[in-house]
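Residue numbers (the numbering used here), protein chains in the order written: chain L, 1 to 698; chain U, 1 to 698.
Rather than coming from a laboratory, the hints here were simulated on the basis of the structure. Check the hints yourself; a few may be wrong.
Below, in silico cross-link-like pairs of lysine to any residue (SDA-like), each with a Cα-Cα straight-line distance of 20 angstroms or less [said to hold, decoys possible]:
| id | chain 1 | residue 1 | chain 2 | residue 2 |
| --- | --- | --- | --- | --- |
| 1 | U | 659 | L | 654 |
| 2 | U | 659 | L | 656 |
| 3 | U | 285 | U | 112 |
| 4 | L | 659 | U | 195 |
| 5 | L | 550 | U | 370 |
| 6 | L | 550 | U | 364 |
| 7 | L | 329 | L | 416 |
| 8 | U | 297 | U | 358 |
| 9 | L | 589 | L | 63 |
| 10 | U | 659 | L | 658 |
| 11 | U | 194 | U | 463 |
| 12 | L | 659 | U | 654 |
| 13 | L | 659 | U | 659 |
| 14 | L | 659 | U | 655 |
| 15 | L | 194 | U | 370 |
| 16 | U | 643 | U | 292 |
| 17 | L | 589 | L | 552 |
| 18 | U | 550 | L | 367 |
| 19 | U | 659 | L | 195 |
| 20 | U | 194 | L | 656 |
| 21 | U | 363 | U | 655 |
| 22 | U | 363 | L | 546 |
| 23 | L | 360 | U | 549 |
| 24 | U | 550 | L | 364 |
| 25 | L | 293 | L | 470 |
| 26 | U | 285 | U | 301 |
| 27 | L | 659 | U | 370 |
| 28 | L | 111 | L | 35 |
| 29 | L | 194 | U | 656 |
| 30 | U | 293 | U | 113 |
| 31 | L | 659 | U | 656 |
| 32 | U | 360 | L | 546 |
| 33 | L | 363 | U | 546 |
| 34 | L | 589 | L | 61 |
| 35 | L | 360 | U | 546 |
| 36 | U | 111 | U | 468 |
| 37 | L | 363 | U | 549 |
| 38 | L | 48 | L | 60 |
Note that the coordinates shown come from a computational prediction; the quantities given were computed from them, not determined experimentally.
There are 2 protein chains.
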Amino acid sequence: MDVIPYLAAISALAGLGVAYFYFKAVEKESPGNERMVFLMTEIQKGAKAFLQKEYQWVSIFAVGMAILVGAVIAPLAALTYLLGAMLSATAGYAGMTVATMANARTTEAAKEGPAKALPVAFRGGAVMGFCVAGLALLGLMVTYIVFVKLLEVDDAFEIVTAYGLGASTIALFSRVGGGIYTKAADVGADLVGKVEAGIPEDDPRNPATIADNVGDNVGDVAGMGADLFESYAGSIIAPISLVAFAGAIGAEQAGDTGVVELLVFPMFVAFIGMVGSIIGSFLVKGGDSTDSKSLSKALHMGTNVAMGITVAGVLAGSFWIFADAPEDKPWGLAVSVIGGLIVGWALGKTAEYYTSDHFKPVKDIAQQTETGPATTVLKGISIGMVSVFASVGLILVGIAVAYWGGQQTLGDDTTLGGLYGIAVAAIGMLATTGVVVSVDAYGPIADNAGGIAEMAELDPSVREVTDALDSLGNTTAAIAKGFAVGSAALTALALFKSFEFAVSTASNGETVLNLNIGEIDVFIGLFIGAALPFLFAALTIDAVGRAAAKMIEEVRRQFREIPGLREGQEGVIPDSARCVAISTEASLKEMIIPGALAVVVPLVIGFISVDALGGLLAGALVTGFALAIFMANAGGAWDNAKKYIETGQHGGKGSDSHKAAVVGDTVGDPFKDTSGPAMNILLKVMTIVSLVFASAFV
Amino acid sequence: MDVIPYLAAISALAGLGVAYFYFKAVEKESPGNERMVFLMTEIQKGAKAFLQKEYQWVSIFAVGMAILVGAVIAPLAALTYLLGAMLSATAGYAGMTVATMANARTTEAAKEGPAKALPVAFRGGAVMGFCVAGLALLGLMVTYIVFVKLLEVDDAFEIVTAYGLGASTIALFSRVGGGIYTKAADVGADLVGKVEAGIPEDDPRNPATIADNVGDNVGDVAGMGADLFESYAGSIIAPISLVAFAGAIGAEQAGDTGVVELLVFPMFVAFIGMVGSIIGSFLVKGGDSTDSKSLSKALHMGTNVAMGITVAGVLAGSFWIFADAPEDKPWGLAVSVIGGLIVGWALGKTAEYYTSDHFKPVKDIAQQTETGPATTVLKGISIGMVSVFASVGLILVGIAVAYWGGQQTLGDDTTLGGLYGIAVAAIGMLATTGVVVSVDAYGPIADNAGGIAEMAELDPSVREVTDALDSLGNTTAAIAKGFAVGSAALTALALFKSFEFAVSTASNGETVLNLNIGEIDVFIGLFIGAALPFLFAALTIDAVGRAAAKMIEEVRRQFREIPGLREGQEGVIPDSARCVAISTEASLKEMIIPGALAVVVPLVIGFISVDALGGLLAGALVTGFALAIFMANAGGAWDNAKKYIETGQHGGKGSDSHKAAVVGDTVGDPFKDTSGPAMNILLKVMTIVSLVFASAFV
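The following block holds chain L by itself, in its conformation from the complex:
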C-alpha cells in the first residue's frame, strides 16, 4: 500500500514524458508559409505577453497570501502554497505555448485533409493535458511524500492542503482574467468588424482579430488548464484532508493501517487514471479516415479507452486496497468512484441536451427568434433555469450513490464513510484529466487554425477542414464540462466537511462548528453566501462590458484613422498589437476585484464567526452551483441557436431571426465563458481558504 504514492508520482512523471513527446511531435510539423508563421508568432506573442503580465500581477497577490499562510498556518505551508501556484502557472504557460505553435501547423496539415490535421491539433492539446495532469499530480505526491511520509512534520495536512490553495489562486485569476480577455476581444472583433464594418469573421483587416485568437488561447486553453489543474488537485486533496481532519488521525499517525488505505485510495485512482490517459492518448490517430464520423470516433477513442481502463482499474484496486474492509464490501468505494464518473457523464449529456441544436431547447430558442430578441433572451433564460433543476437532480443522485458506496466499504454507521465516498466520486470524474484536457484544448487549436487559414487568405477548402475539426470536439468537450462542474460540487462539499472537522480538530475538540441553519449567525451566513454568487456574476459581467467597450473604441479608431484599412488596400495592416495590449491591460485590471472577493470574504467572515462562515460556504455552494449551471447552459444554448440559424433555419444568416439570435449569443458570451466557469472556482477557493485557515479562526 505504501507504494501507491510513489506509483502515482511515477505515473505523473510518465505523463510529463508524454507531454514532452507530443511537444516534439508537434514541433517537427511545418507551420506553413511566411504569412502563417507571422500570424502564429503574433498570436503566440500576444498570448505569452498576457500570461506573463497576468502572472506578474497574480504573483504579488500570491506572495502576500504565502506570507499570510506562512505566518498564520505554518512556514512550510507557504512553500507548498507557492509550489501549487507555480506548477499551475508552469503548466498553463507550457501548454499554451505549444497550443500556439500547433495552430498554424494544424492549418498547414489541413491542406492534406482532416485525417492529417486531427493528430496535430490533438497532440498540441495533449501537451496542455499532460502538463496539467502530470505537474498537478507530481507536485501533490512530492508534497505528500515529503511532509506526511518522510518528515512527518506537524500540520502536515494543512501543508498539503495549502498546495491546493496555491493552485486555486492561479485558477481563479486565470479563469476570471482569461474569461474577461477572451470575451472582450470577441465582442470587440464581432461588433465593430462584423456588424459595423461589415467584414467577415477573422478578416485580416480587423485589428481585433489577432486579439480574438489570443483570447481563445488565454481563455479556453490557459484558463481552462488552470481550472482543471486546481479541480484535479483539489479532488485528490479533498478526501485526503477529509480523512486527516476528521480527527481519526493526526499527521503523526499517518502510518497506521486502516487510515492509510483511505489516504492512498485517491492516489491510486489518480494513478490508474493517468495510466489510462496515456494509453488512451496514443490511440487518437487520424488514420485514413475522411468522413467526420470516423474522425469523431478517432478523437473519442482516447477518452473512452482512458475511462474504461480507469473503471476496470478502480474496481480491481478497491478489492486490493480494501481487502480487509470492516464490512467485507471492498467494492463500495469503487461504486462511489464509478458512480461519480457516470453522473459526470450524465451531467455533460444534460448540458448537451440543453445546448445542442439536435434537441428541443435550442430549437425552441431558434423558434423564438422569430418574435425578436426579447423572446429569444427570455427563452434562453428559462432554458438555463430549467437545466439547473435537472443538473442538481443528477448531482444529488451522485451524492446519494457515492455516500451509499462509501458506507458499504467503511461501515454504514459511520458518517465519514459516506462523506469519503462523495469525495472520491469527484476523482472518478477527473482521473482522466490528462486526456480530457487534451481534447478540451484541441478545440481552440482547431479554432485558431481556422482563424489563421482565414487571415492568411488560404484556399477556402482549408477553412472547411478546420471547421470540421472544430465541431468534432464539441461532444467530448461537453462531457469534460460536466466533469468539471460535477466535481466542483462534490469537491466543494467534501472540503466543506473537512473544514467542519478541521475547526474541531484545530481547537482540540473545544470548538465544534455549529452549523444548524436555525441559528441566527449560520442563517445570516447562509444568506450572505446565497447573495455572493450574484455579486460575483454581476462584477464579471460588468468587467467584460467595460473591457469590451475599450476594445470597441480602439477598433473604431483604427478603422477611422488608418487610411485604406477598411477597404483592404494592399500593404495596409492594422495595429493588432495595440488591441492585444488594450485587452490585456483591461482584463487584468478587471480581474482584481472579483478575484480578491473570493479570498477576502471568507477570511473576514471567518475571523468574525466560524459558524457564519460555515453558513456562508453552504449558501454560496448551492446558489453558486445553480447560478453557474444556469449561466453556462443559457449561454451555450444561445450560441448554438445562432449557429443553427446560420445553417439556414428560420431565414438563415442576415435575417431578422439571425439578428435576434446574435443578441442572445452576445448576452450569453460572458455567461458561458466568464461568469459561469469562474463561479465553480469561486466556490472551491472560498472553501479551501476556509479550510486552510480553519485553525487560525478558532
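Since chain L is already given, all that's left is putting chain U on it; use the hints.
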C-alpha cells in the same frame, strides 16, 4: 391585556366600515359619457370573469387541501383554512370591483384637474386597502378568540396557522395567474398593436387593449391585494405560532401571563397600525393643489401619518405590555418593530435607487442601449444582481437589529427572544397595510383611467392629467414593495423557526429537527431548495411566453379578418371579449403547475425526511429571495430606462436606442410582474405548508 384581541377585531371592523364609506364616495361620482361607461363595464366584466374563473379553479384545489388539512391536522383547521381562503378571495373581489368602478370616474374627474381626480383614484384604491387589512385582521382575530381564548381546543395554534395557509393559497394562485394574465395581455397588445400595426398604446382599434386594462386590475390590483392579505396575516401569525410552538406553552396554557404578552403584542401592533391607516387615509385630499409636488405630498401624507402613529403607538404600547419585562427593557421589541419599518423603507429606497431614472443604474442601462439590445440586457442583469447584495445586506441589518431588540426585552440568553424580535419586525412593515395597499391600488386605477381617456378619445389634456396622477404613486409604491419583500424574508424566517419548534412539540420533544448543514440529508434539501426558485422562475417565464403567443395570434387574426379595423373605419370595433377570454383561459391553465409545485414539493419531501425539508426551506428562502430581488429590480430598471429614453434621451422614441430599450423592457416584464412577485409567496407558502403539516410529518 386580554382586551387587545378584541381591540384589534374592532379596529378591523372599523377598517371595513371605512372601506364601505370609500365605496359609497366613489359610487356617487359620475363615470362619464356612454362610451366611458361602456369601456368601464367591459373592463369590469373581463376582470370579474377572470376572478370568478380563477376562484372556481382554485376552489377545487382549496377544497382538496382543506380535506387534507382536516384529515391530517384537525377538522377545525379545515374550517379556518377555508375561512382564510374565502376572506382573501372576498377582499380581492370587492376591492377589484370598486377599482374597476373608480377608473372611469377618475377619468371623468380628471376633466376638472388633478386635484379633483386624485381623491377618486385614491378612494377607489382604499376600498381594496381596507378590505384587505380589515378582512385579514378580522378573520384572524375571530379565529384566535374563538379557538384559543374561548373554546381552548387542542391544536388551537395549528388551527390559527391554517388560516394563514388558506390566505397563502389564494395569494399564490392570484399572483401567478394574475401575473401571467397581465403580462400576456400587455405583450400581446404591445407587440402586435404598437410594433406590427403601428398604432399607439391604448388605441381603441387594438383588440387587446381591453384585455391589457383588465390585466392591470387582475394583476396589480387583485393579485397585489391577495399578496398583501397573506403577507399581513402571515406576519401576525408568525410571531404567534413561534411563541406557541416554541414549547413554552401549549394551547391550554394560553391564559398564563408572560406568554400572553407575546401573543397579544403582534395584535397590538396590527391594531395601532389600523388606527393609523384609517386616520392617514382621511388626510389624502386633493385640496386646491395643481402642481405635481403638492399633489404628491397629499398622496404621501396618508402613509406618513399612518406610519408616524404606528411608531408612536408601538413605542407607547411596548411600555404598557412589557411593563414587567424580566430585563426591565420594555422598549426592546419596539426597537424590533421600528427597526423592521426602517429597513423596509430602506429596502424600498434601494429598489428605487436601482430602478428610478434619477440615479446612475438606470442611466447606465440607457447608455448601454446605444450599443444595442445585447448590452442593454447584460447591463440590466448585472444591475439586478448587484442590487441583490445591497438588499440582502439591509435585510441582515434588519434581522440583527430585530434580534437584538427582542433579546433586550425577553432576556439576552433566550434564543426565542431574538427570533420573536425578527417575527414582529415583519409586522412593523405591514401594520399600515390599509393605507399602503390603498396607494398601491391607486396606481393601476390611474393607469386604467388613462386607458379609458385614450379609448374614449377624450381631449389629450385629460390623458395628461391621468398620466401625472399615474406617476405620483411610484415612490410610495416602491416603499410598499420594499415592505412586501422585506416582510416576506422575515416572516418566512420566523415561520421556518416555528416549523422547527413545531416538529419538536408535535413529537413531544422526541423528534428534534437536525438542521445541521453538514448532515447529508439537510444538505441535499438545501440543494433542492436552491434549485427550486430557478425552476419556478423558468416555469412562470415560459407560461407568460405561451400565453402571450396565443394572444398575439388572436390579435393578428382580428386585424387580418375584420375588415376596416386597422384603418379605424367608423363603427368597426374589435372583438375585445375574445381576447379577454383567451388571456383568461391561457393564464389559468398556466397557473396550475407552478402553483401546485409550491404545495406539493414540501409535502413530498416532508414525508420522506423532515430534516431534508428543513434544508429545502432554508435553501429556497435564501436563493428565492435573491432571485426575487434580482428579477424585480432588473425588470424595473429596464422599464424605467425605456421610459427615460422616451423622454428624449439617447435619441428618444423610435431611435435604435429606444428599440434596444424596448427589448430590455420586454425581457423584464415577466421578471418584475410575474416571476419576481410570485417568488416571495412561493417561499412563504412552502414554509407555512411545512408548518401546518409539521405534526403529520413526525
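Q) Are the Cα atoms of residue 550 of chain U and residue 364 of chain L separated by 20 angstroms or less? A) Cα-Cα ~16 angstroms, so holds.
(Q) For a C-alpha distance cap of 20 angstroms, please report whether residue 659 of chain L and residue 654 of chain U respect it. (A) 18 angstroms, holds
Q.
Given the hinted pair residue 360 of chain L and residue 549 of chain U, is their Cα-Cα distance within 20 angstroms?
A. 18 angstroms, holds
Q. For the pair supplied as a hint, residue 659 of chain U and residue 656 of chain L, is the alpha-carbon distance within the 20 angstroms limit?
A. The hint holds at about 14 angstroms.
Q.
Next pair to validate is residue 293 of chain U with residue 113 of chain U; report whether the Cα-Cα distance is within 20 angstroms.
A. 14 angstroms, holds
(Q) Between the alpha carbons of residue 589 of chain L and residue 61 of chain L, is the straight-line distance 20 angstroms or under? (A) 13 angstroms, holds
Q.
Would the hint linking residue 363 of chain U and residue 655 of chain U be met if the CA-CA limit is 20 angstroms?
A. 17 angstroms, holds
**Q.** Satisfaction of hint between residue 63 of chain L and residue 589 of chain L, Cα-Cα up to 20 angstroms
**A.** 18 angstroms, holds
Q: Assess, step by step, whether the Cα of residue 659 of chain U is no farther than 20 angstroms from the Cα of residue 654 of chain L, and give holds or violated.
A: Roughly 18 angstroms separates the two Cα atoms, so the pair holds.
Q) Under the criterion that the straight-line Cα-Cα distance not exceed 20 angstroms, is the pair residue 363 of chain L, residue 549 of chain U satisfied? A) 17 angstroms, holds
Q: Take the C-alpha atoms of residue 285 of chain U and residue 112 of chain U, compute the straight-line distance between them, and say whether it is at most 20 angstroms.
A: Given pair residue 285 of chain U, residue 112 of chain U holds - Cα atoms ~15 angstroms apart, limit 20 angstroms.
Q) Holds or violated: are the alpha carbons of residue 659 of chain U and residue 658 of chain L at most 20 angstroms from each other? A) With Cα atoms ~17 angstroms apart, residue 659 of chain U and residue 658 of chain L stay inside 20 angstroms; holds.
Checked against the numbered hints given earlier, this structure breaks none of them.
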